[in-house]
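*Asks:* Read off the chains here:
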Amino acid sequence: MPDSRRYLDPKVVNRLGRLEVKARLIVEGFLQGSHRSPYRGASVEFAEHREYVPGDDLRHLDWKVYGRNDRYYVKQYEEETDLRCLIALDTSGSMRFPEGFDVTRWQYGTLLTAALSHLLVRQRDAAGLALFDTSVHHFVEPHTSPGHLQSLFRTLDSGARPPETKTSLLPVLGDLAERMQRRGLIVVISDFFAPVEETLRGLARLRKRKHDVLLLQLLMPEELTFEFSRNTLYKFVGLEGSGELIVDPRAMKAEYLGAMEHFRRELRRGCLKERVDFESIDTSTRLDIPLTAILSRRARKAARR
Amino acid sequence: MTLALPLLVLLHPALFGFAALFAVPLVIHLLNRRRYRTVPWAAMEFLLAAYQKRRKKLQVENLLLLLIRCAIPVVLALVFARPYFGADSLLANLGESQREVVVVLDESYSMSRRAGSGTLFQSGLEQARRLASALKAERQDRVTLVTFAKEPRLHCVSAGLADFERKLATLSRPLYETTDVDRMLDLLLDEVLDKQVLGHPEVWLFTDFQACAFEDAGANPASDAPAVLPSGPLDDPTAATIGTTRGRMRRLGERADVHFVSLSDGLLPPEDAAVVDLRASEPLGIVGQALRFTAQITRTGRATSGGGRFRIGESERPVTFQFDAEGKATVELWHSCQAEGDVGVEFRVDDDDLADDDARFLRMQVKSSLPVLVVDGQPAGQALDGSAGPLLLILDPTFDPDGRDPEAVTQRRWFEPQFLPWYDLARVKPDLSKFDAIVFVNVREIELEHVLPALQAYVESGGGALFLLGDQVRPEAWNEHLFKGDGSGLMPLRLGAEPVGEAYDPMAGSARRDAPFRLEIADELHPAVRTFSDDRRRLYLRFPIFRWWPFEAEANGASLLPKDARVVLRQEKSGAPALIDHRVGRGRTLWFNVSGTDDTWSNYAQVASAFFPLTWDMLNFLCVRDAGDHQLPIGGSIARGFTAPPLRCVVTPPGGVARDQQESPRQVGGLWRLPAYAETRVPGLYALDVQFGGEDPPLHELFAVNVDPGESRLATLDREQLRSVFDRVAFEYHAREIPTDVAEQAPERQGEIWKRLLAVLLALLLVESLLAWRFGSYAS
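Taken in order, these protein sequences are the chains called P and V.
Going by the working numbering, 31 is the number at position 31 of the first sequence; the sequence numbering is gapless.
In short: position in the second sequence from 1, add 305, done, that's the working numbering.
Chain P with its partners taken away, still in its complex shape (with noise of 0.2 Å):
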């Protein structure tokens, strides 16, 4: 059986497809490993049949049937999920960053957000999508069909927008809260390459209206590291329009790092005040590891309830 947990790199599946067949790989890379559906939903009232799929739980596999057909198939019940979960992914230029690379952080933004839509669907989860960048420019509600998958990834696909397109979180997350009038799971994707501020007081609309909020911050190596192979200047010309300069890398790089270091410092502290979950995401490693994260607490959720 041909190892699926290499689509589980990013530079390997975004060289595939379309973008459902990525997902399907991504998810399949993803329950190969030790990633079992944490799923555990239960309900009394059995609703109808349907066929098993690898990583249903095996408790609910009707033996009868299977006694009876030689086919797997798996009892499904009234209300099995009640999980929304909306997954709110930047479109700013800024998430255009490195153009001309392997993977960008919009490539990888929509790799996760459709493998994760579609891993949600097919545990009966409820996903939704919002495309954002200064508003909520796209926005599917949550739906558990397999269907509305289909609908999810026509989003994404269309969702690019231009590289001066800049970013507001606050409006945008004061949109979600607004919109998304059932409790459940908002995840954001997104740089925010924003002042800290404004998502946290964004994000404590989200609270108030008691959402669950996961913030997956993507950034790039080279906004990690700052190294830079060549000995030379480099002429940085900021996307979103927000300015430029020639520099050599290596004279800035401890401010630079600092700087950086200090703003996610701020995004965490304020997320941890807001008990916002923050997850920050280097687009270079695996997407099972923000998979996981973002099933772990679907699964604490439902282990509350």
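By construction, these hints were calculated from the structure, which means they are not laboratory data.
A couple of the hints might just be wrong.
Stated by the list, open to error - Here are the simulated distance ranges between beta carbons:
| # | chain 1 | residue 1 | chain 2 | residue 2 | range |
| --- | --- | --- | --- | --- | --- |
| 1 | P | LYS273 | V | ARG340 | 44 to 52 Å |
| 2 | P | ASP157 | V | LEU331 | 49 to 57 Å |
| 3 | V | LEU331 | P | GLY174 | 52 to 60 Å |
| 4 | V | PHE323 | P | THR225 | 40 to 48 Å |
| 5 | P | THR225 | V | ARG444 | 54 to 62 Å |
| 6 | V | ARG340 | P | THR225 | 21 to 29 Å |
| 7 | P | GLY241 | V | ARG340 | 21 to 29 Å |
| 8 | V | ALA325 | P | PHE228 | 32 to 40 Å |
| 9 | P | GLY241 | V | PHE323 | 43 to 51 Å |
| 10 | P | THR285 | V | PHE323 | 54 to 62 Å |
| 11 | P | THR225 | V | LEU331 | 29 to 37 Å |
| 12 | P | THR285 | V | ALA325 | 50 to 58 Å |
| 13 | V | ARG340 | P | GLN181 | 53 to 61 Å |
Said to hold, decoys possible - Just a few of them, taken from the derived set where beta-carbon distance is under 7 Å, the chain V residues facing chain P:
| # | residue |
| --- | --- |
| 14 | TYR341 |
| 15 | LYS358 |
| 16 | ARG359 |
| 17 | LEU363 |
Claimed, not checked - Simulated crosslink set (DSS-like; lysine-lysine; CA at most 25 Å straight-line):
| # | chain 1 | residue 1 | chain 2 | residue 2 |
| --- | --- | --- | --- | --- |
| 18 | P | LYS253 | V | LYS362 |
| 19 | V | LYS500 | V | LYS1060 |
| 20 | P | LYS235 | V | LYS361 |
| 21 | V | LYS358 | P | LYS253 |
| 22 | V | LYS739 | V | LYS672 |
| 23 | V | LYS358 | P | LYS235 |
| 24 | P | LYS235 | P | LYS166 |
| 25 | P | LYS210 | P | LYS273 |
| 26 | V | LYS500 | V | LYS441 |
| 27 | V | LYS472 | V | LYS441 |
| 28 | V | LYS362 | P | LYS235 |
| 29 | P | LYS253 | V | LYS361 |
| 30 | V | LYS472 | V | LYS500 |
Everything numeric in this text was worked out from a predicted model, so none of it was measured.
Where a beta carbon is used, it is the ideal one built from N, C-alpha and C, also for glycine.
With chain P fixed as given, assemble chain V onto it according to the hints.
*Replies:* Same frame as chain P, now just chain V:
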């Protein structure tokens, strides 16, 4: 040449031009600002924040790096330019302390003067060694050795002490030369101190301080000093003094610490008799002829008399002499040489305090007779009946071309004339080289195809020709073939188209004959009129001349006389030339516009008191060939040319070993020329022996080499006189010996800092490397 900047002096200022390379790092910096890679960047906010924080520090770091990189080529250029601080500079202590000493030793022959048990030169060597012994090799003390006589010699420059000792050991005695102080000072100033020796050295001058060498700068013709010292005040530093010995010495005093070591100070005045001249009464001698040899002696000291000896050939005769009140003496000796050939003459005084000027030498050429070819332009049936007849008898009273009286043959003859009618010259084609002189008496013209070329070659190789112009002369032929506008022809000036004056008719019977002109001497010292040098005898030249050939001597008021010609006799009233001496190649021609063959033209032949001695003097003059080439100064070249190729050539120096000349002779201008022998460093008689092939007899010639008697003026300048002459020169005076405390004084600060600058340069390079690694390359 050095360049003085406000604080320091650059030894090689031209190399400091490389400091302009400081612009290279600047240009690289400016170019680098245009070269960068463009990177889109999302986290711009953090980068800008980091830049704001780092900006000032970055600018300082980059500026520091740029300054260091610009400073490196400047410091490197300074290292090559070798700067140093003068001893007076406030920064002198930055320089390295070592002694740079220049030893200047007089090696003219006056330094051979006896001083105690040795000579002044040996005393100078001893003091130079004493000075060197006070120097320290471990301190990198350096010594330059210069000796000087006629030419300065640089033996070693800024050498170590061992090198200096080696060079000093090669000096054993002075040269036989005079002193040229100006040339020595020029070498010190222009070559040694400006180009080769660093800092502010000490110059130690070891000499006897002869007054004639140091006081009278104009006495030395080689120097560029004016003939007399400027008459202005001694403290007036006018430009006129710059080119003098004083001016040079002043410049030396500004450039170095000058020490005068007078090796003659405190010595008793020398007793020296110097032979300053030796000559013979005749330029060449005839066998059996009584020749008078005269020696002139000058005295330094108090002696009133002296003794010496003549040595003529193998004959030696002692003499004594008395000095007059001016310290001069003259000694004469009569001697007749009994054999043909070169005779060496030496006069030597008895030994005294300076031996180098005790002798003088002379080369005397002795011939059995002087063969003279007489070409008669108007011959008669008998030789003596032609126009050349009187001349033939003057030259040889026993002349008989047809047969010889056996008794007459035994008589000594000065001249040995051979007679030839002018029209036989081309037919007979005599070998002109066998004659000491050729006389053309009233010849109408010279045959062009054979005679003229042979005559031209004969004169150019040293022969002499006398042209007596009479009524047979065709001026157009002479002007066309013997005159050349550049003075290289045999004739110096063109002849007029017609003779001038009216011929005298002796049959007219008048008792009074008004002569158009008489002769007067134009060149008193010319050998051709030697007999008429006193007032009484010059009257003999006042014979009447009625008709003569004019020379075209002037045009538009300008003289046409060539530079190699001079007028010996001229017309008394008009000053027009009558007898002209013209140098052609190595020989001479004499042109007399009076033939003496026709008494209607002049009474020349009738005035025996004029005709005889004037003819004799002219022919004597013409027969002496390049006698000056055999009297040489020290260092003069022995050079000869021959009509036949020599097979072997040997030069024997006085008291030395005969040496074959290895280099082959070369044919130049029709003569075979030997390579010049210039190793005439010792006075005396040098023998040149040449062997030829075929039937040409071997040649033996002598060359007399003498010292310049000017160096024998031994009067010296004492301390006060030196301070008066060099009043604007700061110098230390030492009498004969260097004081030990001065010799061992603390080293003068030379202030040379190039080594320290090199250390600074290395430090700069190290700092630049560290900072570059630390800061990175340039940033905006």
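*Asks:* Run through the hints listed earlier and report the numbers of any the structure violates, in increasing order.
*Replies:* Nothing - there is no hint that the structure violates, so all of them hold.
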